[in-house]
Each structure stands twice: as structure tokens, then as C-alpha cells.
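Asks: Both chains are sitting in their own frames, so use the hints and assemble them into the complex.
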Amino acid sequence: MEDLVVVGNGMAGVACLEQILKHAPKFRVTVFGDETHVNYNRIMLSSVLAGERTADDITINPLEWYQQNGITLRLGVRITDVGPKHRTVTGDDGSATHYDKLLLATGSQPLIPPIEGIDKENVLTFRNLNDTRALVARAGKGVRAVVIGGGLLGLEAARGLQLRGCDVTVVHLVETLMNMQLDGTGGLYLQRKMEQMGVRVLTERSTTKLLGNGRVEGVCFKDGAELEADLVVVAAGIRPNVELGRKAGLTVNRGIVVNDYMETSSPRVFAVGECVEHNGQIYGLVAPLLEQGKVLAATITGNRGPVFQGWTPAAKLKIMGVDVFSAGEFQESAGIEAVRYEDPAMGVYKKLLLRGNRLAGVVLVGDASDSNRYMDWLRNDADLLMRRRNLLFPEPEQDRGASVAEVADSETVCGCMGVSKGAIIHAIHEKGIRTLAQLKECTRASTGCGSCTSVCEQILKAVAPDFEEETKKVLCKCVPFPQENLREIIRSQKLKSVQQVLEIYGNGTGCEVCKPALSYLVDVVWCGDHEEDRSARFINDRVHANIQNDGTFSVVPRIRGGVTSPGELRRIADVAEKYRVKMVKITGSQRIDLLGVQKSDLPKIWADLGMPSGQAYTKGVRMVKTCVGTEFCRFGVQDAISTGIELEKRLENLYTPHKTKMAVTGCPRNCSEATVKDIGLVGQEGSWQVVVGGAAGKHVRKADLLITVKTNEEALEAAMLFFQYYREHANYLERTYDFVERVGIEKIRKETVYATPPQKRDLLRRLRKSKALSRDAWLEREAPVHPTQFVQIQPMEVIQ
Amino acid sequence: MNWIRVTSTENIPLREGRAVRIGDQEIAVFNLGDRFVACHNACPHRGGPLADGIVSGTSVVCPLHAYRVCLESGKVTKPDLCVRVDTYPVRVEDGVVMIAMPEEQEKAA
Numbered sequence: 001m002e003d004l005v006v007v008g009n010g011m012a013g014v015a016c017l018e019q020i021l022k023h024a025p026k027f028r029v030t031v032f033g034d035e036t037h038v039n040y041n042r043i044m045l046s047s048v049l050a051g052e053r054t055a056d057d058i059t060i061n062p063l064e065w066y067q068q069n070g071i072t073l074r075l076g077v078r079i080t081d082v083g084p085k086h087r088t089v090t091g092d093d094g095s096a097t098h099y100d101k102l103l104l105a106t107g108s109q110p111l112i113p114p115i116e117g118i119d120k121e122n123v124l125t126f127r128n129l130n131d132t133r134a135l136v137a138r139a140g141k142g143v144r145a146v147v148i149g150g151g152l153l154g155l156e157a158a159r160g161l162q163l164r165g166c167d168v169t170v171v172h173l174v175e176t177l178m179n180m181q182l183d184g185t186g187g188l189y190l191q192r193k194m195e196q197m198g199v200r201v202l203t204e205r206s207t208t209k210l211l212g213n214g215r216v217e218g219v220c221f222k223d224g225a226e227l228e229a230d231l232v233v234v235a236a237g238i239r240p241n242v243e244l245g246r247k248a249g250l251t252v253n254r255g256i257v258v259n260d261y262m263e264t265s266s267p268r269v270f271a272v273g274e275c276v277e278h279n280g281q282i283y284g285l286v287a288p289l290l291e292q293g294k295v296l297a298a299t300i301t302g303n304r305g306p307v308f309q310g311w312t313p314a315a316k317l318k319i320m321g322v323d324v325f326s327a328g329e330f331q332e333s334a335g336i337e338a339v340r341y342e343d344p345a346m347g348v349y350k351k352l353l354l355r356g357n358r359l360a361g362v363v364l365v366g367d368a369s370d371s372n373r374y375m376d377w378l379r380n381d382a383d384l385l386m387r388r389r390n391l392l393f394p395e396p397e398q399d400r401g402a403s404v405a406e407v408a409d410s411e412t413v414c415g416c417m418g419v420s421k422g423a424i425i426h427a428i429h430e431k432g433i434r435t436l437a438q439l440k441e442c443t444r445a446s447t448g449c450g451s452c453t454s455v456c457e458q459i460l461k462a463v464a465p466d467f468e469e470e471t472k473k474v475l476c477k478c479v480p481f482p483q484e485n486l487r488e489i490i491r492s493q494k495l496k497s498v499q500q501v502l503e504i505y506g507n508g509t510g511c512e513v514c515k516p517a518l519s520y521l522v523d524v525v526w527c528g529d530h531e532e533d534r535s536a537r538f539i540n541d542r543v544h545a546n547i548q549n550d551g552t553f554s555v556v557p558r559i560r561g562g563v564t565s566p567g568e569l570r571r572i573a574d575v576a577e578k579y580r581v582k583m584v585k586i587t588g589s590q591r592i593d594l595l596g597v598q599k600s601d602l603p604k605i606w607a608d609l610g611m612p613s614g615q616a617y618t619k620g621v622r623m624v625k626t627c628v629g630t631e632f633c634r635f636g637v638q639d640a641i642s643t644g645i646e647l648e649k650r651l652e653n654l655y656t657p658h659k660t661k662m663a664v665t666g667c668p669r670n671c672s673e674a675t676v677k678d679i680g681l682v683g684q685e686g687s688w689q690v691v692v693g694g695a696a697g698k699h700v701r702k703a704d705l706l707i708t709v710k711t712n713e714e715a716l717e718a719a720m721l722f723f724q725y726y727r728e729h730a731n732y733l734e735r736t737y738d739f740v741e742r743v744g745i746e747k748i749r750k751e752t753v754y755a756t757p758p759q760k761r762d763l764l765r766r767l768r769k770s771k772a773l774s775r776d777a778w779l780e781r782e783a784p785v786h787p788t789q790f791v792q793i794q795p796m797e798v799i800q
Numbered sequence: 001m002n003w004i005r006v007t008s009t010e011n012i013p014l015r016e017g018r019a020v021r022i023g024d025q026e027i028a029v030f031n032l033g034d035r036f037v038a039c040h041n042a043c044p045h046r047g048g049p050l051a052d053g054i055v056s057g058t059s060v061v062c063p064l065h066a067y068r069v070c071l072e073s074g075k076v077t078k079p080d081l082c083v084r085v086d087t088y089p090v091r092v093e094d095g096v097v098m099i100a101m102p103e104e105q106e107k108a109a
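Which chain is which? The protein sequence lines are U and S, in order.
In this text, residue positions in the first sequence follow this note's numbering: the first is 1, and each later residue adds one.
In this text, residue positions in the second sequence follow this note's numbering: the first is 1, and each later residue adds one.
I should point out that these hints are in silico values taken from the structure, not numbers from a laboratory.
Check the hints yourself; a few may be wrong.
Between beta-carbon pairs, the in silico distance windows are [said to hold, decoys possible]:
| id | chain 1 | residue 1 | chain 2 | residue 2 | range |
| --- | --- | --- | --- | --- | --- |
| 1 | U | Met346 | S | Gly95 | 32 to 42 angstroms |
| 2 | U | Val637 | S | Gly33 | 29 to 39 angstroms |
| 3 | S | Glu72 | U | Gln759 | 44 to 54 angstroms |
| 4 | S | Gly95 | U | Glu577 | 38 to 48 angstroms |
| 5 | U | Arg444 | S | Glu72 | 44 to 54 angstroms |
| 6 | S | Cys82 | U | Glu226 | 57 to 67 angstroms |
| 7 | S | Val83 | U | Gln794 | 22 to 32 angstroms |
| 8 | S | Glu72 | U | Lys477 | 19 to 29 angstroms |
| 9 | S | Val83 | U | Arg570 | 44 to 54 angstroms |
| 10 | S | Leu81 | U | Arg742 | 31 to 41 angstroms |
C-beta: ideal position from N, C-alpha, C; glycine also.
Bound conformation, chain S alone (with noise of 0.2 angstroms):
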């Protein structure tokens, strides 16, 4: 695991999320009002932005065809499929949102 500063927790509305490129990932990442989540930034269905997504609770609508993903696994709940979006850990540091990547990702960028 490698953790990245990526942004001022100021950045990211409440309930909203916004797209992040970190190396060759792009990366949606969500404020959830009580902590942050982090998705990749494409829906399995048709790769739309899950970062423009309305948030509904702990999962994200995409924009496009209203596939419903839960942020906290990463499963798609609606329709219910056995497919899931990778996510990353996130915490937050002195006002600062940071993302873990993985190792081999790390090494490919």
C-alpha cells in the first residue's frame, strides 16, 4: 500500500464526488458527509463517470444507465450483478484526503 495526498477535503462537496488521475488510474473519490470513499472512476456497465453520480446513501447512481454501486464493496446492487468496481482505502490527514494504492498499480505507473 502506498498512500497519496490527493486533495483538500475542501474539494470535495458533501455528497458529491469528483474524479481524480492518479498514474494511470482514474479515480472517483466521494464525500460522504461522516468519512470519504474511493472507487475507480467507471461504472463495469459502460465505463461511465461514477464521480458524476448522484450519491444515495453509501452507493453511488452512474450517470448513465443508473447502475447502482456500492462504495463501501464496490458491488453492483441495482441490477443486482456479481460484478464490483475496485476501491481504495482512504483516510483523511490534517484536512487532507489520501488514497492507498497498491503496490503493483505503483509499479505499472
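Isolated chain U, as found in the complex (with noise of 0.2 angstroms):
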């Protein structure tokens, strides 16, 4: 059995070795890493540094694979010498390893630039995951960081450090941001979006000289400027590590040279990732890199035959919400013809270089969604002639199939967790797969970075008997993002404001539906925890009053449970006088409607009401109503007044994707209408049952049993349980009656009333830290957001 040594653990080793397997090669594998860390997907440090995922989240092969593949894995261990001559590698440890056949995957590291104080404290790089976890621990709100670099490594890290709180500033050498990929225009296109989410970008700044006794406090400028800084981070380039290529007496020259079958010079040592070079290119992009493996694998067990024939250069960045595609040349040069498309407003610009009648480069800024269309053309080398009314639109649909057809089965479409397209073929037709989230669980397709989704999606189209595509709704075109989309970005972002999301995501200005919508977003993501801007809300929450057609506003105070007293109604009855309201009308929901009321006049009405708002105006909770129950009535089994009135005050002042009304009844006559509210309580022998979903509306639907408790208290847990998660998962403006009909009762039970119980517990978490900073919007008439928020405005002149 031959000893093969491979000196990397990085994601092109291993995955090289993954094919070594799969040729069943007699060999005794032993893997050198000088990282501590098991084989991890390297191009997802970025979303690990701004808190989207853990170091765990983004592990390759765990230990069991090395494990149940027979592999030695010695971590932490740097090789620092080879002796071709005994065909040895020694370690920093002072080991020695003998090898039969070595594969050098050692990867590439951070360029360091000649600048003077470079090696202070807190100086750091951003290249592996212990790089990562060093700025993890340094970042913090009010931290200054200064990247220097604007390129893919520098702008991920920027954003991620800014994400953790800190000040962010990017200092970039030339005039534009990742000018090895990007033309200028692209590259100011990006620089307002980086600006728009709050990182500082200074270009043409060539930095000289880091300050500060020991530990780093700022960065000098060539032209004498300075900048304070508690943290700077390294970001000027990568070089290939090839000094154990340059000790095996391999040819190297920028990077370890291989000819098409991944062969050094050398016939026992092989070399695979970014520390190769290729016809005198080097790759840096994983799906290169993954085929570069398959080709050596096959040399190296003997199988020689497949080549590697090279890689259109490509590069992606990975921050949310910043789409930047480029790919091929991006410069225009004589011969070429440059097609663009740009839209300002929404950040967006697109161009297409063409040499001929086939695509030479192509960069994308603000929308990347068709990159693996202009990837294809590239690869391809397709002849457009045919196209060129459709380069930057979708061409209308003829053969779905046909593209994917064009894809070898053996071709790997997610290069991220290495899922080809015959995996997931394999998958669509044994497993029974119809949509892409059971791909994804399947065969993990599409998980990691996601830029194969609409490949994969394409496959399901054309294989899957019966896809279903995930109708993805965007709320809005001012932010074209379907609503669950927008909650994870909101989320992941930390997007604490309605203007945040509409500059970073939309157009910057919003309209009439995306601004209410976003409100309610940002509230329910942070619990009430927001930055409320009332600008972006209806009339009817910045006044806390519904607008009537002329332009008066209706009052309706609170009445929990529909019940009153003779001083409540004395007190509504002198409002009613004193500000001459134009109609007193009793309500479908057990209240009282004070009608005409001028905007002026409501804060002293409610001062004069001395009631909370029932909140009949807005887009949350509603009322309980309730029957008398076992208070009263001869026929009542379950006490109704008291549990309505204590689910009322459970979930009053909170809002909701769409109003929410809510019964209780005393036993199942239904005085109460119940079994048509959106939450119901139905009293029985010794039970309630629990039931969400009805209507009497529009339509009118039987509300949906959720489930049968005995006591009260569990009934009103039930209730919460649904209604948090109903604020969670509806998109605004979806009835409860839509909602379960979507989501299906038998999923909204597991994952309410038959959830685990820490999933309760965060629910009810959840729902406890809305309400604890959630208020009685009628409170504003002591304290007003606004000092003019409910005054006529009266000129400081008066006309003669």
C-alpha cells in the first residue's frame, strides 16, 4: 500500500481527496493541517464574521469522515520541509512523514503590504477561520475598524465588522472599488451601496504608516492625513504558498506549475488549489478548484485521461443584499462592444462585453440573478447572434429543459457542498423530490452560498414529474424581495429602521404598501425593539384613530371582554357631548364608536375618556369578544368573561400582519361567534378547544380546531402560541383565514401547541418582549412623538 501525504486540509484538498476515494485507490492517506479546525467551507467565513452562521455551520467533513474513510489527520501541524530524496515531509513538531505520492494543497495567504507599523497589536488579516475568530473578538459596537483593501476579501470583512457594531472605513488604493473585477461605474455603483448600509468608503488612499505604542491607533496616509482606529485589518491580495513546491524542486512560478493532468514536474508530487497555476492563471474560486481535484484524482490513481482545460476567471461577493457578478474581461477594449443597462434609483447596473457575437466578460452590480446564464455563455463560448434582443432580459421560454439538458450529468452544480447534476437527478427520482426545499434537505444543493438556486430549480422543472415552484411573491417593487426573505435580512442585516431597508434593499424611497409593511416587519423582528419612524406608517398609527371619509377620525376605547361599567358609560357619554361627536354607535365587536372626532380634538378626548386605545384602527389586535358564560348564564360550562378578558390583556397594544379578532365562549352555543374570529376559545364540559382561522368577513370559514386543553391557562398558552407564530409567519396583510389555509393547521400545530419545548419557550419569549415594550398608543396625547403629531399648524402670519 502506498503513503499518500497531503499537506492542506483546506476545501480543494479534501475535496481532491473525496475523488481519490471514489477511484478506490490502495492507498494510506495522511492529511496535514496547520489549522486546528476540521475541513471547513472557506468562501462562508464572511457570513461566520457577520454573526449569520457559526464556526460549526460551515464544516465540510467532521472528524467521523476522516475517521471512516481511514485517514490520519494531524491538525495544528505546519510541514515545513520536503526531501524529495527520501520522500519525507517534516512537521513542526519535528515529525517525519514518509510518502510515496505527495499532494501539496497549501493554499494561498494574505498579502502583506510594506507598511511601516504593520506588526502592531490588533493588526489582523482575514484569511482563515482563527483570523476570523480574532476579529469576532475585537469587533464591538464603537469599535473603529479600518479595512485597508476595497476588494472581494476587504468589502466581506467590512461588512461583517460593521455588522457587529463597528465603525467601518474601507481605504482603498485606486479610484474604484474591486477594480481587479469591476469598471469604474460598476465600481462606484457598489462603493453607494457599501455607503448606503453604513460603511465608510475612501479611495485613492495609499497607506504609509500604521500609529499607536504597541497597539494600533490609526492609519497614516501618503498625503499626511490621518484616521484614528482601534482595529485594522489587512486586506490587500492573496499569493500562492508554493515554498514546499520550491523545496520539492518542482517548477514554480508565480504558483506551483501543472500541465492539464494536474502534473508538477515531478512524477511523485502533485499539487491542487490555489497554490497551482494553470497556463499561467491561478484560480481562487472553488467550483475551478473542485475540478482541478477530479482531474488529479484520476492522474494520480492511475487513470490519467481527463484534463483540466481552465476557468473563465469569475468572482462573487458574498455580502447580503450587494450582488456583485463579474466575470471574463470587464474593461472595454478596441473590438469589443460594451451593452449596459443601469437604474440609478434601484442601484442596479448591468454590462455585457462582447467580442464578435459572443460574450467576453460580463459584470453585474445590484442584480447578479442571471450570472449562471452569462457563466454559460461564457464557458460555452456561445454564439449570441440569435439573442441579442434578450442579453440583459430573459428570453421568452420555449424548451424549459433545453439549457439543462446542455449539462453534463458528471457537471457539479452546487459547488459549494460539491452536488452535481446527476446527485440531484439521482435524488428528484428516488426520493420522490418535488420542490426545491426538499432538494436542499436532501441532497443539501444550493445550502451554502445559494447562486445555484435557479440551476437547481431548473433541473426540478425538467426532471420532477410534478414541481411545484415556490411561488415567491415580492412585497413590492420598491423592495423586490419576497416577505420572508425581507424578515431574514431584516434579521440577519439588523436592520433596525423601515429607511434602512428601503436604502440598502429597495429604491430609497418607498411607497403607500411597502412602508406599512416594513413597519410591521421591523417590529416583529426585534420585538417592538425597532427604530420606529411613523413616516412610514398610515394616518391611522401616527394618530392612533381610524380616518373617516371626510377626513374626521373615529374613537374607540378599549372595553375588554365587552364589558363596562355606568361610569365608563357616563364618561363616553359626556365626550360623546362635550366634543360633539357626530354619531355614538355600538360596534359588531362589543364597543362603543365615538365618530367625526377632528384630529385636534383626539388627545383630549381620550384624556377625557381616561381608557386605553382599542386599537380599531390599526393592523393588530383587535378585542375578546365574550358571552356572559358561567358568570351569568344558565347554560355556561366555562367561565368566558374572565379568560377574554385576561387573553385581551395578554395581547392588547400589539400589532399583527392584519387585524385579529378574537373570541371566548362559554359553552358551545357560540354566543360569541367564536368559530368565526381568528383566535376563538370554546367552552366545554370540563375543556376548552382552542380554534384559529375562522372568518365572517368577506368570506366567512369555520375557524380550525388547534386543540382541546383542559384548563384555562392552557387554552390561553395555545392562544399565544398561534398568535406569535401567525406575527412570525404571515405576510402583512394576511387574514389569519388565508394563513392557515397556506400554511396547513397540521404544520401550524407541530409547530405551536406540538412543538418542542424550548421552540414554546422562545415563541412565548418572544411574544413576552413585545409586550413589555409595547404601550398604550393613547398615552401619546401626554407625551406626542412629535410636537405637531396631532396639531393644526397655524401660520406665523396672518394674511391682511
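Replies: If you want it as C-alpha cells, here you go:
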């Protein structure tokens, strides 16, 4: 059995090893890694820095994988020398290991520019998991971070640090960002996006010196200007690790030189990944490195044949909400035609470079959803003559299986998880997969960076007999994302205000459709701990009353459970007379409506009433209607009144996706109509039925039974679980009856009343947090959010 | 044109409008962030109070039936109708919003 030693435990080396194992070779394998972590997905480090994933989330091969495959794993050992004569590698732990075949997958390291004082404390790079951990440890609110280098890594580091609360400035040597991949215009679009997110960008700055006594305190530029800094990240590029290649006597240029079979100049030594140079080109992307690994695996196991034919250079920025993609050429030159599209308001810039009728390069900023299509054109050198009218927009669909049919089964579709087209088709047939979600769960395809999602969908469409497209309705053209994505964006990108969402992910202005929806979403995602922006709310939610067709307002005080008192009724009557309200009306919700009130009278009326807001004007908790139950009714079997009042107290003052009406009834006769309410509690002899999703509006729907429970407290808890689940999962303006039908009551039961105790606890915890931060809106009569909230402005001078 | 000193800029919050009565005209004044604009405070559709609408860029959306009015031209843009509301020139001096009222209306008042 031959000894195979792999130096480097990164993505390229281990992916290659996986391919070697597929050839069932007779190797005793030892892997050396100078990091102490098992093999992980390096391209996801930026999402670890941003706090979107943990180190465990990005593990590719856990320890068990090495064990199962009989691989000796030596972590934390750096190989310092190669002795080709005796075929040994020497580790920094003093060990010497024999090899018959040696695989160098040493990757690359950060380029450290010659800057005075670069060895100061808190000057870090961003290359591996340890770097990431060090950055996380130092990042925090108020920390002033300077990132030197406005390339891919620098920008990802900047955004990650900013999400952790740092005050971040990117310093870039030349005029525009990502100048190795983008033209000037693209760089400026990108810069604007970064600035909108709150990252400061300084271009044309050459850093000459790092200041500070031991620990870094600032950076100094060539022009003498200085910038204070508590943390400096050097992201000025990378260079291949080629020292071992030299020591092994290999031909080395910028990288270790390999031929099409991935052979070096020595028959016993192989190399793969970022450390190799093929046809003068060094690759840093995952896809070409995986391809190299496959070719190398064939060669090293004696199945020499497959060749590596190079790859179109391409780059993709991994910052959520900042789509940047570049492939091939990106600058205009002689013989090149440029086709451009720009939308400054949406921050979208697209440029295709054509030579003859073939794509020579593409730059996408702000919308990279078509990157796969362009990548295909580049790789296949497609003749675009017949597609010239549809270069920037999708072609009318003809044979939607055609583009999928062009891809070979063996070709990798998902580069992050290493899933081939064949594996996906196999899963579709064997496991009966019909949706993208099922495919993700089964094969892990498109669960990494997500850039292959559209390809996966195309394969599903073409292969699955009953493919169900996940209908993704976007919120609004101002912020073209489905609401579930927006929730995720708001949460992971830590966006606390409507305006932030609009500026970073939308057109910056918003409209009457998306602003109230986003107001709801930031409120519910942060459980009320958001930056409230009343300008984004509908007038009803600015003045806490319902606007009527003549511009006056209606006032509905809270009368919990519909139970009032002579004193309250007297006060309501007095108020109605004092402010000459046009009509006093008993509502269908066991409440009293005072109609025709002037805006400027609202605070005074609320004060005179001395009652809380009934929220009759908003998408929020309306009321709990009750019958008299056991307190008076001959037939009552449950205490509807006190249970109803308690339910109202627990949920009042909260916003919901749409209005939420509730009822509690003391017996199955259902006098308070609980079975046609959003949430209903129906009293039975010795138990409660909790029902949800009822309607008696535009259409009538009998509520679904959520659960039957014994005690009042259990019934209240079930109602609260459903209530919070609805808040967190329904689309804005989706009533419970539509929500329950869309999601299905079985799934809702599983994720609320039948959820695990920790899941239930979390739902209730978030509900309690929201509740603790909520308050009676009518208290703004004493503390208005703005001095003129309820005021009609009087001009400072009168017209004579 | 008769420039009227109306109110301190602070009285009109960012991206909101406020109603003000000048003579016999009810006027809606908006704070668009980079400038202030003013128009007649009644939607041409059913007279809704435009000052209570949601501001969308340089337009306002009437709170009653979501008619959209361009605050620069006064034109109703959604639905696309050949209807306008009166707009008034606005300038800010020493932190005070000033609105220019036409002479006829001044006489009428």
C-alpha cells in the first residue's frame, strides 16, 4: 500500500481527496493541516464574521469522515520541509513522514504590503477561521475599524465588522472598489451600496504607516492625513504558498506549475488549489478548484485521461443584499462592444462585453440573478447573434429543459456542497423530490452561497414530474423581495428601521404599500426593539384613530371582553356631548365608536375618557368578544368573561399582520361567535377548544380546531403560541384565515402547540418581549412623538 | 406672489406632511428631506387630507383611496388622470418655512 501525504486540509485538498477515494485506490492517507479546525467552507467565513453562521455551520467534513475513511488527520502541524530524496515531509512538531505520493494543497496567504508599523497589535488579516475568531473577539459597538483594501475580502470583512457594531472605513488604493473585477462605473455603484449600508469608503488612499504605541491607534496616508482606528484589517490580496513546491524541486512561477493532467514537474508530487498555476492562471474560486481535484484524482490513481482545461475567471461578492458578479473581461477595449443597463435608483448596473457575437465578459452590480446564464455563455463560447434582443433580459421560454440538457450529469451544480447534476436527478427519482426545499434537505444543494438556486430549480422543472415552483411574491417593486426573505434580511443584517431597509435593499423611497409592511416587519423581527418611523406608517397609526371619509377620525376605547361599567358609560356620554361627536355607535365587537372627531381633539378626548386605545384603527389586536359564561348564563360551562379579559390583556397593544379579532364563549352555543374569529376559545364541559383561522367578513370560514385543553391557562397559552406564530410567519395583510389555509393547520399545530418545549418557550419569550415593549398608544396624548403630531399648524403671520 | 411665514421647519417631521390654514386655503406642507413642498390639502378625488398621506419620494399618497399626487407638478399620477392639485412655491429662510400665495387668493381672503 502506498503512502499518500496531503499537505493542506482546506477545501481544494480535501475535495480532491474525496475524489481520490471514489477511485478506490490503495493509499494509506495522512492529511496535515496547520489550522486546528477540521475541513470547513472557507468561502463562508464572511458569514461567520457577520454572525450569520457559526464555525460549526460551515464544517464540510467532520472528524468522523476522516475516521470512516481511515485517514490519519494531523491538525495544527505545519509542514516545513520536503525531502524529495528520501520522500519525507518534516513537520514543525519535529515529525518526519514518509510518502510515496505527495499532494500539495497549501492554498495561499494574505499579501502583507510594506507598511510601517504593520506588526502592531490589533492589525489582523482575514483569511482563515482563526483570523475570523480574532476579528469577532475584537469587534463590537463603537470599535473603529479600518479595512485596508477594497477588494472582495476587504469588503466582506468590512460588512461583517459593521454588522457587529463597528464603525468601519474601507481604504482603497485606487479610484474605484474591486478594480480587479469591476469597471469604474460598477465600482461606483458598489461604493454607493456599501455607503448606504453605513460603511465609509475612502478611495485613492495609499496607507504608509500604522500609528500607535504597541497597539494600533490609527492609520496614516501618503498625503499625511490620519484616521483613528482601534482595529486594522489588511486585505490587500493573497499570494500562493509555493515554498514547499520549491523545496520539493518543482517548477514554480507565481504558483506551482501544473499541466492539463494536474501533474507537476515531479512524478511523485502533485498540487491542487490556490497554490497552483495552470496556463499562467491561478484560481481562487471553488468551482475550478473542484474541477482540478477531479482531474488530479484520476491522474494520481492511475486513471490518467481527464484534463483540466482552465476556467473563466469569475468573482462574486458574498454580502447579503449587495449583488456583485464579474466574469471574464471587464474593461472596454478595441474590438469589444459593450451592452449596458443602469438604474441608479435601484442601484442596478449591468454590462456585457461582446467580441463578435460572443460574450467576452460580464459585470453585474445590484442584481446578479442572471450570473449563471452569462457564465454558461462564457464557458460555452455561445454564439449570441440570435439572442441580441434578449441579452439583458430573459428570453421568452421555449424549451425550458434545453439549458439543463446541455449540462453533463457529472458536472457540479452546487460548488459549495459539491453536488452534481446527476446526484440531483438521482435524488429526484429516488426520493420523489418535488420542491426546492426538499432538494435542499436531501442533497444540501444550494444551501451554501445559494448562487446555484436557479440551476437547481431548472433541473427540478425539467426532471421532476410534478415540480411545484415556490411562488415567491415580492412585497413591492420598491423592495423586490418576498416577505420571508425580508424578515431574514432584517434579522441577519440587523436593520432596525424602514428607511434602512429601503435604502439598502430597495429604491430608497418606498411607497404606501411597502412602508407600512416594512414598519410591521421591523417591529415584529425586533420584538418592538426597533427604530419606529411614523412617516412610514399609515395615518391611523400616526394618530391612533381611524380616518373617516371626511378626514375626521373615529375613537373606540378598549372595553375588554365587552364588559363596561356605568361610570365608564357616563364618561363616554360626557365626551360625546363635550366634543359634539357626530355619532355614537355600538360596534359589532361589543365596543362603542365615537365618530366624526377632529384630529386636534383626539388627545383631549382620550384624556377625558381615561380609557386605553381599542386599536380599532390598526392591523393589530382588536378585541376579545365574550358571552357571559358561567358568571350569569344558565347554560355556561366555562368562565368566558374573565378568560376573555385575560386573553385581551395579554395580547392588547401588539401589531399583527392584519387585524386580529378574538372571542371566548362559555359553551358550545357559541354566542360570542368564537368559531368565526381569528382566534376563538370555545368552552366545553371540563375543557376548552382553541380554534383559529375563522372568518365572518368578505367570506365566511369556520375556524380550525388547534387543540383541546383542560385548563384556562393551557387555553390561553395555546392562543398565545398561535398568535406569535402568526405574527412571525404570515405576510403583512394576510388574515389568519388565509394564513391557516396557506400553511395548513397540521404544520401550524406541529410548530405551535405540538412544538418542542424549547421552541414553545422561544415563541412565548419573543411574545413577552414584544409585550413588555408595547404600550397603550393613547398615552401619546401626554408624550407625543412629535410636537405637531395632533396639531393643526397655525401660520406665523396672517394675510391682511 | 405674497410670501407668508408659515412655521418653523422643525414642526414638519421628515417625510411627513402637516396641514396649515392660510386665509381661506387649507394647505398641506411636506418635508421631503432635501426641501419642503406645499399643495392644496384636498385630494381631487374625494377631498382626502393629503397632509395625512404617506410620502413616496416626491409624491404623496392620499390616505382615503390611495390616489397618488406628484408634489412637484400637482398632477395625479395614480390613476393616471389629467387632474391637478394647486401647488405653491416654498422656500426656507432662517429655519422658517415660507409659502407664496397667489395675489387673487390674497384678495379673496
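Asks: Against this structure, judge whether each hint is valid.
Replies: Tested hints:
no.: 1; hint: Met346(U) - Gly95(S): 32 to 42 angstroms; in the structure: holds (34 angstroms)
no.: 2; hint: Val637(U) - Gly33(S): 29 to 39 angstroms; in the structure: violated (60 angstroms)
no.: 3; hint: Glu72(S) - Gln759(U): 44 to 54 angstroms; in the structure: holds (51 angstroms)
no.: 4; hint: Gly95(S) - Glu577(U): 38 to 48 angstroms; in the structure: holds (42 angstroms)
no.: 5; hint: Arg444(U) - Glu72(S): 44 to 54 angstroms; in the structure: holds (52 angstroms)
no.: 6; hint: Cys82(S) - Glu226(U): 57 to 67 angstroms; in the structure: holds (59 angstroms)
no.: 7; hint: Val83(S) - Gln794(U): 22 to 32 angstroms; in the structure: holds (30 angstroms)
no.: 8; hint: Glu72(S) - Lys477(U): 19 to 29 angstroms; in the structure: holds (21 angstroms)
no.: 9; hint: Val83(S) - Arg570(U): 44 to 54 angstroms; in the structure: holds (48 angstroms)
no.: 10; hint: Leu81(S) - Arg742(U): 31 to 41 angstroms; in the structure: holds (36 angstroms)
The earlier numbered hint that this structure contradicts is number 2, and it is the only one.
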